[in-house]
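Q: Here is how the chains run, residue by residue.
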Amino acid sequence: MAGEKRNREEEEVKTDDGSPKIKPRPIVRLGIFLIAHSPVFSVVFSAAGILALLLLPLLAKNTYISENALMPGSARSMLSNRDVSAGSKLVKDIKNFRLSHEGQGVEVQKLIGEYMSEMGAEVYYQKFHPEGNQFHPLHFFSGPDSYTLLDNVSCASYGVNVAGIIRAPRGDGKESIVLASDLLKCGELNTADNFRRAGTVAAALVLKVDGRSERFEDTLSIYAEASNGQMPNLDLINVVNYLAVHRQGFYVRVEKVVSLLSSSWLKIIGEIFEAVGKLAHTLNPDWNFGIPAADYLEGSATLASSLYSQALGIPTGPHGAFRDYQVDAITLKVSPRFPPDSKTRQHDFFLRGARLLEGTIRSVNNLLEKFHQSFFLYLLTSPSKFISVGVYMIAFALLVAPLPMVAASLYIDGCKALTNSTLNPAGNFKSWKWLDAAKQVFALHLLGFIVTLLPYFICQIPGQHSPRNRSIMWGTTSSSLLFITFATIPGCSPFSSRLHGTNWAVVKSVTISAAFIGLCLMSIINFATAEIGALLLVPTCLMAQPIKPALRSRKIKSLLGAFCSMVLLTIGFPVMFFAISKELLGEGLVGLSLGGEFWTWLESLWAWKSATYLYIGMVHLPCWLLCLCILFHPS
Amino acid sequence: MKEEKKDVGGDMAEKELQTPYGFWIWATASAILRLFFIFFPEYFKLSSRPEVSTPLTSLRRLAEAYWLKQSSMSPYAGSMYHGSPLLLSILGPLTSQRIKGHSSHQLCSLVFVIADILSAVLLRAIGQKLLKTYIMNLKQLGVLRSSQDRGILPCGDIAALVYLWNPFTILSCVGLSTSPIENFAVIVSLYGAVTRKIPLAAFGFIMATHLSLYPASLVVPLIFLLGSGLDAPPIKNFLQTRDRGVENGSTSDVSKQDKLTRTTQLPFLWRTVLHFVFWVLVWSIYVLVLCSLSLKQYGGLEEMFKRTYRFILSIEDLSPTIGVFWYLFAEVFDFARSYVLIVFNLYILLTSLPPLAFRLKHRPCFLAFVYLAISSILKSYPSVGDAALYLSLWALFVNELSDIDHLFFILCGSIGFSLLSPVMHNIWIWRGTGNANFYYANAMGYACFQFMFVGESVNAMLDHDQALNKATAKMTKN
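Protein sequences, first through last, are from chains X and P. According to our numbering, the first sequence is numbered sequentially starting from 1. According to our numbering, the second sequence is numbered sequentially starting from 1.
In short, the hints are calculated from the structure, not lab data. None of these values were measured; they are calculated from a predicted model. In this text, a Cβ means the ideal position worked out from N, Cα and C, and glycines have one as well. Hints may contain errors.
[What the hints assert, rightly or not] Derived lysine-lysine pairs resembling BS3-like cross-links, with alpha carbons at most 27 angstroms apart: (1) K333/X / K582/X; (2) K208/X / K333/X; (3) K129/P / K23/X; (4) K416/X / K470/P; (5) K139/P / K129/P; (6) K278/X / K61/X.
[To be verified] Quick list of simulated restraints, FRET-style, between CB atoms: (7) I342/P / R25/X: 30 to 36 angstroms; (8) F451/P / P26/X: 20 to 26 angstroms; (9) D413/X / F451/P: 42 to 48 angstroms.
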């Protein structure tokens, strides 16, 4: 038939790129070139992506205060020793009060309130109910809830916040400082919610005082990560860091993964980079990108911690509640080095801490609008070094770049194979060959969606269940659903006969496309999750291929490929990855306790509506299952 | 992920429709899904999404207008409502009623569900009619020997199921947007024209134009439909076959009969068209009288034209939508505004409508799809409901468009951009880490893929005609 001939003609035009008659545009030719050599390029791009990730600590820039109006440290401090003595008195009073009223913690708020009103502040007491851990993963897109507070809460348990507002006496009444002390853990969200109603809040600082510093100096730890990898404006961290280091002499630190500091492979990489940097410097004195290996190690450990806490999507401190209301907030943990009973040291520490706070507040007060000048999307490698979005995106882009190329090349191959095979009944429907594969991919994504929502229903089951039991319930329901899917939709199953099964290349192509879309979406929601997810998912997807032909052929190369894909799939299973990362952190878990731990971990993700959970359930798990299907494909 | 549903739905249709009740099972399932969404609205909060409800289609605005009207104020006061006064009179009372224990607007949602089901049924009827003509034409051309020769898909059922299962349709149905009603009016007019029920076609056309203005462009395909019949390959193909028939002598009596009917259909039926124009006039006068009665105390028709059609054409509301105009008109300098406005409105009118009308005049239903698609991309306040309509009309041509290029790529891109839209909105509105540019970039990407989709479809259709032409030419030679 003429139609078929036309098909063939078209395919010929497509495959032979150097056709002299119709010379495609350079960009099309480049695309065809990339697709034609996709295996080579995928290896090159993935390797470049990982290398770029390792290079990130080198590419970190020094922070600078982007908003000129902030002018930190320019104001003369108004705090005197008398204020500090008053502060010490308050501490002493609270201590005595606690001693005399053992077990009646609520009354402390009253005492603080009295102090506040003596200072001339308006004092408010706010009652709140601790909120249960409700499962609302889909509320990620809708912004903060406003109606959940009125749900049936037993009135027996409530906490009290005390808030004082100090208004500018001679100003225009818009500026004010709100001091709040919440002594119950659950108060964070409510406080933030209340502040939102009060008006625009420029910045929020949450103070924590720790027992004792491990170092010789007074230490200030900055915790900045809020829910879903959101960060406060970099200027806020800059101001605090600048004042703490240059004015008050604190040692400022941010979290780092301690175990990485002693890892030898990272040290070797750092030394290699150092050597390369030195070499480059000798070649051209203007090339100064090399940093000492020790700095590289520190930077990588901090970067890893920054990536990890952003990827989890759980705030690292109480400041997390503010970021959901677009208030830039950080938690400051101060650890003094003095022993608790040293009077003069305590006085000095108080003075410096108070001056730091005063300086920050006065600097922020210089702003006429909210923070907007500096970065919102960045990763920290030290308190004074950051990697901006434009740099760290490169690593991710390189990592996921092979996906569309491989998808296109597999798609072309698979369609050709389908055209040649006589099994396909709708041979004429050239553009619909992917439909069976799309059906399979869609079915598994739908399954992933249902599995993601299952915990909501499991939480509704009456009665007390331990996390372990709940995870068992979840696991059994999910796997039975999976088997039902395999049984009802014949094309889906890896165990189906060869006749029903679709061409694995097309399935892989559609899977890779789905993974690519999912990863790109996630990179915008939460970059760090996408980066870590891509490190797991990209090799898994690229390596996935049927294991049967590899075993049959008995060639070392194909056997090695099959082995690699099996290892990657084993690591890629979310629970397994969780266990491995726990193992790396030194908490060995086996068997059922792992399930319980996993459930508890997921609960912590739900509490902050972490999109990471959605990613695991709706992108990672389906793609993982699809790769498994490809691995056991009966071809 | 979600959008894949539509194609999978179509595919399942293909399999399931071998059983006679397959279609109805799937249709009922889609209705149940809609009811589920309607009765648990608090989990979804779709009615405030810019993708779903626009200033023109938002039911919340309609409820507000109804309240204003109840308190003896003009429903158009305060630039809240910009829809039809007739729709207000019909849906308004339903917005204030509520079923016990449930939130309001559910009755309206039920109306939308019914509208969706009816649209699907009409689409199915259109598809069956088109399929019949398609098979007949292929037989006439001698390309098709028996109906089992080439897997011909039941395009009516597929289109109906694509309409019912398209996530965009479901979103606009349960998201308190009036687009199901607008889509229904468009489909009614097409159905009327396809089945040659001229008053019905004119009624649907007038209602659709009255509700959202842009379906006015459908006048061209409707006239072609009524004047020269359903979609068919270009006439020259038939002339070739006729010549062949004359040269070789007739092959069979049946095909000769077909040819004769076909050749008698060739002249343009001006009488039918005039009949249509007459009914259009009747219905438009009827609608205008009803509107003026409804708005008697509130400024009459002039107010209505100002608040609805002028609002649409002059793009007064610049709140973000998935369209491409809000950002442009928010950024444009005031002195250039009227110029840009004229340019953009003329752009739709002049560059896309007449050339396509000349090129695709032998395929009026497909022309209607192209017009609706282009207007849904370039209209001032687009929503996903418009996309739902043209996607289901597209599915009417699955047989003709089986060779469409890059469909998988376009599908992936559209899914990506559709899912990206709420994310961009979130990081702009809630997180504050993005800005309007992010959302607009997404809207442009989405529009780009829509354009590619329309372009590829038109190409595939023209290629299909050409292939038929070649096939017939070859046969004539033999």
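Q: If a hint holds in the structure, say so; if it doesn't, say that too.
A: Quick rundown of the hints versus the structure:
1. K333/X / K582/X: holds (26 angstroms)
2. K208/X / K333/X: Distance of about 5 angstroms is within 27 angstroms: holds.
3. K129/P / K23/X: violated (43 angstroms)
4. K416/X / K470/P: Measuring from Cα to Cα gives roughly 24 angstroms; hence the hint holds.
5. K139/P / K129/P: holds (16 angstroms)
6. K278/X / K61/X: holds (19 angstroms)
7. I342/P / R25/X: 30 to 36 angstroms: holds (34 angstroms)
8. F451/P / P26/X: 20 to 26 angstroms: Given a distance of about 23 angstroms, which is inside 20 to 26 angstroms, the answer is holds.
9. D413/X / F451/P: 42 to 48 angstroms: violated (29 angstroms)
Of the numbered hints stated above, those contradicted by the structure are hints 3 and 9, listed in ascending order.
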